[in-house]
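Go ahead and model the full structure; you've got the sequences and the hints to work with.
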Amino acid sequence: IAGSTKIDASWSASGGSLELDVPLEADTPIWDEFHPELQHLTVTLRDPARHSVDHSTLTFGLREVTARDKDLLINGRVVNLRTTHFGGDFPLTGYPAMDVEAWKKIIRTCQDFGLNGMRFHSWCPPEAAFVAADELGFYLQPELGLWVPFSPGSVYTKYMEEETPRLLRAYG
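Just so you know, we're using my numbering here: the sequence shown kicks off at 4 and counts up by one.
If you're looking for bench data, these hints aren't it; they were derived computationally from the structure. A virtual CB, placed ideally from N, CA and C, is assigned to each residue, including glycine. Don't take every hint at face value.
To be verified - If you anchor each label on the Cβ, the simulated ranges turn out as follows:
{"no.": "1", "residue 1": "Ser17", "residue 2": "Glu138", "range": "46 to 56 Å"}
{"no.": "2", "residue 1": "Leu95", "residue 2": "Asp50", "range": "40 to 50 Å"}
{"no.": "3", "residue 1": "Phe63", "residue 2": "Ala29", "range": "15 to 25 Å"}
See below:
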């Protein structure tokens, strides 16, 4: 994404929001497992009254996920998912790696065996896994970690209904 745009915005003490359409070049590369092209968008917020500046860089891949009959498509091409099951087993530490390089090692091992994705049975990996997967062209299928019977109005169903949108917002 090239260029810059300046937009005046204001927030109240309780916050606010701003939506912005980011123009893309016609030849902006798209992301898939064969060409994991990532885009970088830097947002800079300036508060002249406080003489403060804050920056945040968003990194993402442009992709269109659709379905045709029983087929999953990425950017209009059928995806042949070849995934492994990962149940969150980390016998040496008891917890998942939290750094991108460790996840790249895990993902590259999967890719060396011809896999292009990983299902996280009943758990969601840390952000580092998503960063590594985006950089390496690897699909992730996180799941909510809960093994209980579900019934309308139950505390478990309520948890799932609240947690699912949070996961989608964070990693969607």
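Status of the hints after comparison with the structure:
no., hint, verdict
1, Ser17 with Glu138: 46 to 56 Å, "violated, 37 Å"
2, Leu95 with Asp50: 40 to 50 Å, "holds, 46 Å"
3, Phe63 with Ala29: 15 to 25 Å, "holds, 19 Å"
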